[in-house]
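Enquirer: The chain contents come next:
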Amino acid sequence: MTQPITLTLDINGRTRTVALEPRVTLLDALRDHLALNGTKKGCDQGQCGACTVHVDGARVLACLTLAAQVEGRQITTIEGLAGADGGVHPVQTAFLERDAFQCGYCTPGQIMSAVACIREGHAGSDAEIREYMSGNLCRCGAYPHIVAAVRDVAGAAS
Amino acid sequence: MRGFSYLRPGSPDEAREAARDPSAAFLAGGTTLLDLAKCGVAEPERVVDITHLSGLATITVGDDRITLGALATMSRVADEADIRTHCPAVAEALSQAASAQIRNMATIGGNLMQRTRCAYFRDPATFPACNKRAPGSGCAAIGGAVRNHAVLGVSESCIATYPGDLATALVAFDAVVHVGERRIAADDFFLLPGATPDREHPLEPGEMITAIAIPASPAARRSTYLKIRDRQSYEFAAASAAVGLELAADGRTIRDLRVALGGVATKPWRARGVEDALRGKIFEPETVKRASLAAMEGAVDHGANRFKIDLAPRVVARAILTLGGLA
Chain A
1 MTQPITLTLD
11 INGRTRTVAL
21 EPRVTLLDAL
31 RDHLALNGTK
41 KGCDQGQCGA
51 CTVHVDGARV
61 LACLTLAAQV
71 EGRQITTIEG
81 LAGADGGVHP
91 VQTAFLERDA
101 FQCGYCTPGQ
111 IMSAVACIRE
121 GHAGSDAEIR
131 EYMSGNLCRC
141 GAYPHIVAAV
151 RDVAGAAS
Chain B
1 MRGFSYLRPG
11 SPDEAREAAR
21 DPSAAFLAGG
31 TTLLDLAKCG
41 VAEPERVVDI
51 THLSGLATIT
61 VGDDRITLGA
71 LATMSRVADE
81 ADIRTHCPAV
91 AEALSQAASA
101 QIRNMATIGG
111 NLMQRTRCAY
121 FRDPATFPAC
131 NKRAPGSGCA
141 AIGGAVRNHA
151 VLGVSESCIA
161 TYPGDLATAL
171 VAFDAVVHVG
181 ERRIAADDFF
191 LLPGATPDRE
201 HPLEPGEMIT
211 AIAIPASPAA
221 RRSTYLKIRD
231 RQSYEFAAAS
241 AAVGLELAAD
251 GRTIRDLRVA
261 LGGVATKPWR
271 ARGVEDALRG
281 KIFEPETVKR
291 ASLAAMEGAV
301 DHGANRFKID
311 LAPRVVARAI
321 LTLGGLA
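Protein sequences, first through last, are from chains A and B.
Going by our numbering, the residue at position 123 of the first sequence is 123; the numbering climbs one at a time, nothing skipped.
Going by our numbering, the residue at position 227 of the second sequence is 227; the numbering climbs one at a time, nothing skipped.
Next comes chain B alone, as it looks inside the complex:
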């Protein structure tokens, strides 16, 4: 790990000022930044430790929204009983992520800033080519071992999978990222790689996530997060789905449905095709299974990751059917 200077600002404004230089990095839980610094991927010259700032870790559950302070840890949010009631998908996504230790360290704001687990991205010494790390250098993953790479939202520049669980749930329920006074829809907070995979978020240097708000909705109250992976715990998703369901008064017509996918795309992936295909329809297994195939519209595989195209719609269908009591 390269050397850096260390600052512990006394206020958010001081923190923003200290991180305005592009060579500076905010340090919260450290689970991404220090990991990537050890890999030689992150090389900050100045680390701005925001973990001692007060007032940024508050969790409030109101009638119209849940607000999570950026410095609340993953474990605290996952264990909050009100969140399990108002948006179980968020609590389930968090408690199935990483390990108990990492959930105690990692913050909600930092969670949004976690970076891909693409093995080529993480190993600059062996694989100099990576458009995300070094724009224009190429992509070592394309043509390489791609079992865990994305099939949705890929470009010729990058096929790295977005690895997170929480953001998948946030995107499904129209969460809003607070960056000081700025408001960014969760879906817009994550950028497609396109020709600039190095740019992952619409943030300028010095901008700091302060909170995340999740609007209350009947679909959020009746929601779940289903994560399928190669081992049962402490593993990233092979495919996952955050799903919310609201049935009409007749108990069988789908009034509202939210679907987002994890582990298969270059960003948390809202599957509006599935939502549109099922809204207004009768809740019935065959209809759900058929509509779930729409989740893979536009999917492109690179060989070993083809299985995700079969797996993801099944994950979506099972999650929806589970919510409706039919799986």
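Excised from the complex, chain A in its bound form:
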């Protein structure tokens, strides 16, 4: 047990202050201390992608990131994707239209990864989408529909 430290985090455009032990990951900080449960804990070992969030716009795994490490960075979670009017993000709409999930547990991570994948320019073909979305596992096997959803948004954007 080590002493908590006070952290100031920029999450979805809001400044949040929280006292945490240094070993607390960003994932546990979000879920257990900040009431942001949209980010999911799957393997908690960096293997499944369910905890994908954006740090300074880049997709990363919240389970292998210390909350202390991202002080001063801009963190975006699935809760922060909505537009100013509160409407859903185009990638979220595409996931609904394409029925790109079954149980839904991996979906927030898939969507955060997909938003970044499209922004990076790595969604140019189905093969490229599959390669650059490979860090997000879906045990229900909704992969074909996920690829279709990403393709829809990438195609509309280009």
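None of these hints come from the bench; they were simulated from the model.
Heads up, the beta-carbon is just placed ideally off N, CA and C, and yes, glycines get one too.
Treat the hints with caution; some may be incorrect.
Unchecked claim - Listed below are the simulated SDA-like cross-link pairs for lysine to any residue, each with C-alpha atoms no more than 20 Å apart in a straight line:
| no. | chain 1 | residue 1 | chain 2 | residue 2 |
| --- | --- | --- | --- | --- |
| 1 | B | Lys38 | A | Glu21 |
| 2 | B | Lys38 | A | Asp32 |
| 3 | A | Lys41 | B | Leu36 |
| 4 | B | Lys38 | B | Ser5 |
| 5 | B | Lys38 | A | Leu20 |
| 6 | B | Lys289 | B | Leu311 |
| 7 | B | Lys289 | B | Thr224 |
| 8 | B | Lys289 | B | Leu326 |
| 9 | B | Lys281 | A | Leu20 |
| 10 | B | Lys38 | A | Thr2 |
| 11 | B | Lys38 | A | Asp28 |
| 12 | A | Lys41 | B | Cys39 |
| 13 | B | Lys281 | B | Leu247 |
| 14 | B | Lys281 | B | Glu246 |
| 15 | A | Lys41 | B | Met1 |
| 16 | B | Lys289 | B | Arg314 |
| 17 | B | Lys38 | B | Ala129 |
| 18 | A | Lys41 | A | Arg31 |
| 19 | B | Lys38 | A | Gln47 |
| 20 | B | Lys38 | A | Asp44 |
| 21 | B | Lys281 | B | Arg252 |
| 22 | A | Lys41 | A | Gly104 |
| 23 | A | Lys41 | B | Gly40 |
| 24 | B | Lys281 | B | Leu321 |
| 25 | B | Lys281 | B | Thr322 |
| 26 | B | Lys289 | B | Arg318 |
| 27 | B | Lys38 | B | Met113 |
| 28 | B | Lys38 | A | Gly104 |
| 29 | B | Lys38 | A | Gly42 |
| 30 | B | Lys38 | A | Gln45 |
| 31 | B | Lys289 | B | Asp276 |
| 32 | B | Lys289 | B | Ala299 |
| 33 | B | Lys38 | B | Ala125 |
| 34 | A | Lys41 | B | Lys38 |
Stated by the list, open to error - Okay, the calculated beta carbon distance ranges per label pair:
| no. | chain 1 | residue 1 | chain 2 | residue 2 | range |
| --- | --- | --- | --- | --- | --- |
| 35 | A | Gly13 | B | Gly40 | 31 to 39 Å |
| 36 | B | Thr322 | A | Thr17 | 50 to 58 Å |
| 37 | B | Glu156 | A | Gly155 | 54 to 62 Å |
| 38 | A | Cys103 | B | Glu235 | 19 to 27 Å |
| 39 | A | Cys103 | B | Leu191 | 39 to 47 Å |
| 40 | B | Ala145 | A | Gly141 | 22 to 30 Å |
Chain B: place on chain A using the hints.
Expert: This is chain B only, laid out in the frame that chain A set:
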């Protein structure tokens, strides 16, 4: 994960000082350290976060060498157009490694410090015996499930595979690891397990990788990384090869060849036997295939990993032939 204290040093010197105690660990991308802390393998008492240090993430591509700052992320280096031109094997190795998320987190310096994926090493609760983790305790892998264990560079103490892709390319092209003022050839940066598999690098506590330099060469410009694995993406190599080729002015005599293997050895494995067998020879499929067998000189299998001895020379041959336009 055990508790630890957290420090965010303001300069490299401060970072080195803070990490001089053997119970301290540098934290960069965190993809190895935090993973192993959760497995109960890494138990740092102090974590020294170097990700906020400035000036260590610069990428420069000059006429004589590429220099990669230790804190440049894998994804940034992989996407750098100049690196794709000057040493495609490095860019290809990086872009085929891990996942997009992990490549955004993991740094080039941290990549060199990644540790084996040996399932016995990673599970101390179930398998107390591991000479890498607990020197002298034995090896649970030998006699266990060894499909992914090494066939080259193994010892009676350890058969854990070195898992990385980048370092395989670095070793092929004589890269140099910068540790402050110290310079270490990439090949020497990785130690054979021998009787001391716990010692993986010639680094002392507090020493920090600052950059990696890759000398320019015609072979580096004409290079590739071929990775064969059990699934198409987000998987470690069953066998991989970083290969560079320079042909003489006649367009058919091999002037220079670089070959290094991944996924089959206890360290990134330079296959000089293949290079020596082909240098000066006419570039021709049968010659290449025969010479590639030399990659497995000294190989020792433990049963289920025997397939690597057949697979690796084919990976080498295909990579070389692809570079020459014959595969």
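Enquirer: Are the hints correct? Go through all of them and say.
Expert: A quick look at each hint next to the structure:
Between the alpha carbons of B:Lys38 and A:Glu21 the distance comes to roughly 15 Å, so the proposed pair stays at or under 20 Å and holds. A threshold of 20 Å between alpha carbons decides the hint, and for B:Lys38 with A:Asp32 the separation of about 18 Å falls inside it, so the pair holds. Distance check on the hinted pair: A:Lys41 and B:Leu36 sit about 17 Å apart at the alpha-carbon level, within 20 Å; holds. Straight-line distance between C-alpha atoms of B:Lys38 and B:Ser5 comes to about 16 Å, which keeps the hinted pair within the 20 Å bound.
Between the alpha carbons of B:Lys38 and A:Leu20 the distance comes to roughly 17 Å, so the proposed pair stays at or under 20 Å and holds. The hinted pair formed by B:Lys289 and B:Leu311 meets the criterion: a straight-line CA distance of about 12 Å does not exceed 20 Å. Only pairs whose Cα atoms come within 20 Å are accepted, and B:Lys289 paired with B:Thr224 is accepted, the gap being roughly 17 Å. Only pairs whose Cα atoms come within 20 Å are accepted, and B:Lys289 paired with B:Leu326 is accepted, the gap being roughly 12 Å.
For the suggested pair B:Lys281 and A:Leu20, the alpha carbons sit about 63 Å apart, so the restraint of at most 20 Å is broken. Annotation: proposed proximity of B:Lys38 to A:Thr2 holds, straight-line Cα distance about 16 Å (limit 20 Å). Using a Cα cut-off of 20 Å, the hinted pair B:Lys38 and A:Asp28 holds, with the two alpha carbons roughly 13 Å apart. Distance hint between A:Lys41 and B:Cys39 is fulfilled; the C-alpha atoms sit about 16 Å from each other, no more than 20 Å.
For the hint linking B:Lys281 to B:Leu247, the alpha-carbon distance of about 10 Å falls within 20 Å, and the restraint holds. Taking the CA atoms of B:Lys281 and B:Glu246, the gap is near 12 Å; set against the 20 Å cutoff, the hint holds. The suggested pairing of A:Lys41 with B:Met1 holds, with an alpha-carbon distance near 16 Å, which does not exceed 20 Å. In summary, the hint linking B:Lys289 to B:Arg314 is supported, as the alpha carbons are separated by about 7 Å, within the 20 Å threshold.
For the suggested pair B:Lys38 and B:Ala129, the alpha carbons sit about 19 Å apart, so the restraint of at most 20 Å is met. A C-alpha spacing of about 9 Å is found between A:Lys41 and A:Arg31, which places the hinted pair at or below 20 Å, so the restraint holds. Proposed proximity of B:Lys38 and A:Gln47 is supported: the alpha carbons are some 13 Å apart, at most 20 Å. Distance restraint check for B:Lys38 and A:Asp44: the Cα-Cα separation of roughly 9 Å lies within the 20 Å cut-off, and the hinted pair is therefore satisfied.
For the proposed pair B:Lys281 and B:Arg252, the alpha carbon gap of about 8 Å is at most 20 Å, so the pair holds. Using a Cα cut-off of 20 Å, the hinted pair A:Lys41 and A:Gly104 holds, with the two alpha carbons roughly 13 Å apart. Straight-line distance between C-alpha atoms of A:Lys41 and B:Gly40 comes to about 19 Å, which keeps the hinted pair within the 20 Å bound. Taking the CA atoms of B:Lys281 and B:Leu321, the gap is near 14 Å; set against the 20 Å cutoff, the hint holds.
Of the supplied pair hints, the one linking B:Lys281 and B:Thr322 holds, its CA atoms being roughly 17 Å apart against a limit of 20 Å. Of the pairs offered as hints, the one joining B:Lys289 and B:Arg318 holds, with about 8 Å between alpha carbons and a cut-off of 20 Å not exceeded. For the hint linking B:Lys38 to B:Met113, the alpha-carbon distance of about 17 Å falls within 20 Å, and the restraint holds. Of the pairs offered as hints, the one joining B:Lys38 and A:Gly104 is violated, with about 26 Å between alpha carbons and a cut-off of 20 Å exceeded.
The straight-line distance between the Cα atoms of B:Lys38 and A:Gly42 is roughly 14 Å, inside the 20 Å bound, and the hint therefore holds. Restraint check for B:Lys38 and A:Gln45: the C-alpha separation of about 7 Å stays at or below 20 Å, so the hint holds. Between B:Lys289 and B:Asp276, the direct Cα distance comes to roughly 14 Å. Compliance with the 20 Å bound is thereby established for this hinted pair. Only pairs whose Cα atoms come within 20 Å are accepted, and B:Lys289 paired with B:Ala299 is accepted, the gap being roughly 18 Å.
At roughly 12 Å between alpha-carbon atoms, B:Lys38 and B:Ala125 fall within 20 Å of each other, so this suggested pair holds. For the given pair, A:Lys41 sits about 14 Å from B:Lys38 by alpha-carbon distance, which is consistent with the 20 Å threshold. Our hint of 31 to 39 Å for A:Gly13 and B:Gly40 holds, since their Cβ atoms are close to 37 Å apart. For B:Thr322 and A:Thr17, the Cβ-Cβ distance of about 55 Å falls inside the hinted range of 50 to 58 Å, so the restraint holds.
At about 57 Å, the CB distance of B:Glu156 to A:Gly155 agrees with the hint of 54 to 62 Å. For A:Cys103 paired with B:Glu235, a C-beta distance near 24 Å keeps the hint of 19 to 27 Å intact. In this structure the supplied range 39 to 47 Å holds for A:Cys103 paired with B:Leu191, their Cβ-Cβ distance being about 46 Å. A C-beta distance of roughly 26 Å is found between B:Ala145 and A:Gly141, which places it inside the suggested range of 22 to 30 Å.
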